[in-house]
Amino acid sequence: MPKIDMPPGALVLLILRVLRAGPLHGYAIAQRIHALSAEVLRVEEGSLYPALQKILLKGWVTAEWGTSETNRKVRFYELTAAGRKQLEAELDGYDRVNEAIQAVLRTA
Amino acid sequence: MDTAGGSHGVGAELVRLFRRRPTDAELDRELQFHLEELIASHLRDGVEPGEARRRALVEFGQLDPAKEAMRDIRWMEPLRRWWWDLGYAMRYLWAAPGFTMAAVLSLALGIGANTALFSILNTALLRLIPVERPEELVWFTIDPADGSGRRLNYPFWESLQGDRRWGPVFCTFATTGSVSDAAKTERVELELVSGNYFGVLGVKPLRGRLIAPDDDRHPMGHPVAVVSHAYWQGQMASDDRAVGRTLRINGTAFTVIGVTPPGFAGSEPGFRRMVFVPMKMKRVATPGWDALDKPLVSWLQIGARLPAGADRVALGHELHARYHAFQRTHLDADRKLTPGQKEYFRRWQLSLETMRDAALDRRVRDHLKTLAWVVAALLALACANLAGLLLARGLDRQREIATRLALGAGRWRVVAQLLTESLLLGLGGGAAGLMLGSWCAPAIARQFPLAGAGSEFEVRLDATVFAFTLAVSLVACLAFGLLPALQSTRLDLLRAIKGAGQSRERRRVRQWLLAAQVAIAVVLLTVAGGFGLRLQAVLATDVGFNRERMLVAEIEPMLLNYSNTERIALYRRLEGKLHEAAKRTGSGFTAAALSTVIPMSHFNWSTLFFVDGKPRDVIPRANQVGPGYFQMMGIPLRQGRLLDERDDAGAPRAAVVSERTARMAFPEGDALGRHFMADPRAPRESTFEIVGIVGDIELNDPRRPSREMVYFPYRQWPFPAQAMAIQVRLSAEGSVGTALTSIRQAVAECDGDLPLYGARTTEESLDMLLAAERLSALLGGFFALAAALLSAIGLYGVLAHEVALRRREFGVRLALGATTRLIVWPLMRETIVFTLAGVAAGLLALAAGGLWQSSVAPAAVAVLLLAASIAAWLPGRRAARIEPAAALRCD
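Chains as they are written, first to last, in the numbering used here: chain A, 1 to 108; chain B, 1 to 891.
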């Protein structure tokens, strides 16, 4: 299985992005990122949960205990308005940095 | 929605701080779910259960780091860590008792000195008068202070009644009177008070009631008295029926109506007022003058309790305007005052001075300020010791700290751990310091010149003192723990783990600390030595008369309503008896004389000096003396003759002047035989012929240069002085007790009712006068020695530790044939360099601070160098005695 290290800061962005569709629990977030990245990006659980805690404390998501598809008690994370704003800001910033990097990579 | 399932409330966090389980259970549940989902997904892909679990675990990584990382993010986490650090620090300090003791003792000394001084200040400034909210109380004060200080007049006080701008305004006047209580007559400190006095101060009676506004309405209409708790306990033997008893004050009967609570002895700290009477009874309390109706006689102290939140300065300005508006009409109408005197009244600046500030006179305050610097320096020294010890300790722990850093502990984590240890040390030192300080403070306070004779000065430890000590300890240990902590965590890991680390930089820091300690100690020793020298110089000052073996006691016949003629007759009779007794062996004294000025006291009189109707530019001190005075005092005659029996009432008026007076008033040197006038309002009665010139003396205060003096025969010029001092020269074998008995007997033979009071030797008067100097010398000396000791201990610690650390190195070098000299000398050289650097810095600081004293500084330096040599020699000797074989085996 190909495995690429997550660039720093990207994990938060990805979490916020996959949560835009609706509340998910931790495992589902990891799976979604893994699947959406065509199985290139693998989220280390050791960094996923700390990142979730950080986002939680920033107020970008809320967490609520619910029941999983497999009928287990689990915490669902849901994007807040602040989180949505943060996501837009980060996406915008990321796009511009990305374009800049691409430009350099193409021409240099 | 409750975020994170209710796990982020503050209360929940607090609970979790000491109880880890509930959160961990939540975490576990979430992570466990994740793991199981991973396993399930592998199972769905058709992997064997065992393999699925293995793969899931590999993918998941270790469970615990994830949990740790999650914990790190919680905001209470630092506190929890700190709780662990505390436990660790306690175990660590417990395991190193020598280090802990040294650190705590150093701190205890520094903090103790500060606590002692602070608790004295706290008491002196804040709580000396046991009244309600003393911080609101103010005196109406006149600047410049060389004017009449706080002396105003009664009509002005009356004019203020009904004006609430300054809050309730009271007035008071302290005096002394003879108080007879059935059996005996005593001279007692009296306080005349306005009717609202006790009410405004908020004093509640212990027995009966206190003087109220209705007790102070009509002149001479209220013969009632309140006695102080001390008077009730002492003179009245705690009589249950004290209220209702009769006291005769200056011959008039007063009824005791109440007793003040314990500790209350008037509104002026340091004095012990015994009996309080209404202001309107003033004529009885001060026979001979009343002045309640005189707007231009200044004698009354006026005070007020300012309304909450009042602007003291602005109210002071209002008072100033109000006073001058009041005074102007009276000054304009007055015909007796000279224009110069009126000008003097007009110059008065009135302001409001808090009673707290007024509690200490400027000189005592200056001494306290110096002492405050001294104890602060001592604390700095103790802290430097602590820092040195912590640095040394850091060296020992290099391997431990390096290992922790290598295992991944963050640097700040280790720094926090080290700071926690200093914090514990600081708290320990603070507690020990508090004990030391509270034990020392009363002993120091007993020496204190705040208090008049016999007054109580109780030092109490209260919340303010606790807070002060706590703050000092915390600041000291954190400020001085931070540097070593930073030093200890910045190290070369590899070298440290191998045990080779002894960074140069760290040694430098310790050496600079050492130099700083030496510098502080030099300054303290010099300053303290200066105190001692100054005291010695004052004690050795030639005051111009013989103050050895001299006993003084006072009588005050005015209190028994003697008239002027009766007074002079009494003195003459008494003089005869005293002179007889002086000739008799067994009386205890060899010479006796009367005068109105008591040697080494604050009391003195001055006189104007007119020659041929014009004032000379000299205002001499005046003393009224009886025959035999100069012989008894040992004041030498320079020209002419001394005063004797022939200079009696009715004889030509004759006076003696001191050399300085003669020189200043008659620069041509023709003073003898000339006449001068002392009071232009009574030109005939106050014109005297100068019949003799005597040596210069300083009668009141050996710290001042001698003043011009004029001596009048008391029989020819009765000053309004109320008291007469009996002075005798003790015989070689005579004791104070014998002499006092003889004097008492002589007085009793003249008037059995006349109390004799204020008996003291001139040495005792001088001790009282110099109490502030004595205290400074005593405490300064003590603190300076402590400073020298502390820096010697610091030096010893640094060197001993270095020798212990380099034992192996020395052993190897000795084994390779190095001489002892080669080993010890470099060690000594560094110490000497840094000690000398410290000495130089200390001397520079002295010069910069204007504290340089060429007679003390060399001695201070010598003491320090000696202490430093001893402190350095001991570890040096140990280094020289290292046995190579033993040293090499030990590691």
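Rather than coming from a laboratory, the hints here were simulated on the basis of the structure. One or more hints might be untrue.
Here are the simulated SDA-like cross-link-like pairs (lysine to any residue), alpha carbons at most 20 Å apart as the crow flies [said to hold, decoys possible]: (1) B/342 - B/32; (2) B/342 - B/295; (3) B/369 - B/772; (4) A/85 - A/38; (5) B/280 - B/253; (6) B/204 - B/224; (7) B/280 - B/220; (8) A/54 - B/28; (9) B/294 - B/161; (10) B/369 - B/468; (11) B/342 - B/44; (12) A/73 - B/295; (13) A/73 - B/681; (14) A/73 - B/224; (15) A/73 - B/586.
Now the hints, each set against the structure:
At roughly 98 Å between alpha-carbon atoms, residue 342 of chain B and residue 32 of chain B are farther apart than 20 Å, so this suggested pair is violated. For the suggested pair residue 342 of chain B and residue 295 of chain B, the alpha carbons sit about 13 Å apart, so the restraint of at most 20 Å is met. Of the supplied pair hints, the one linking residue 369 of chain B and residue 772 of chain B holds, its CA atoms being roughly 12 Å apart against a limit of 20 Å. Taken as a hint, the residue 85 of chain A and residue 38 of chain A pair is broken in the structure, with Cα atoms around 27 Å apart against an allowance of 20 Å.
Annotation: proposed proximity of residue 280 of chain B to residue 253 of chain B holds, straight-line Cα distance about 15 Å (limit 20 Å). About 17 Å separates the Cα atoms of residue 204 of chain B and residue 224 of chain B, which keeps this hinted pair within 20 Å; it holds. A distance of roughly 6 Å separates the Cα atoms of residue 280 of chain B and residue 220 of chain B; the hinted pair therefore holds under the 20 Å criterion. The straight-line distance between the Cα atoms of residue 54 of chain A and residue 28 of chain B is roughly 18 Å, inside the 20 Å bound, and the hint therefore holds.
Note on residue 294 of chain B and residue 161 of chain B: the hinted pairing holds, with a Cα-Cα distance of about 17 Å set against a maximum of 20 Å. A C-alpha spacing of about 17 Å is found between residue 369 of chain B and residue 468 of chain B, which places the hinted pair at or below 20 Å, so the restraint holds. Pair hint residue 342 of chain B plus residue 44 of chain B does not hold up; C-alpha atoms about 113 Å apart against a cutoff of 20 Å. At roughly 93 Å between alpha-carbon atoms, residue 73 of chain A and residue 295 of chain B are farther apart than 20 Å, so this suggested pair is violated.
Taking the CA atoms of residue 73 of chain A and residue 681 of chain B, the gap is near 109 Å; set against the 20 Å cutoff, the hint is violated. Restraint check: the Cα-Cα separation between residue 73 of chain A and residue 224 of chain B comes to about 88 Å, which exceeds 20 Å; the hinted pair is violated. Note on residue 73 of chain A and residue 586 of chain B: the hinted pairing is violated, with a Cα-Cα distance of about 109 Å set against a maximum of 20 Å.
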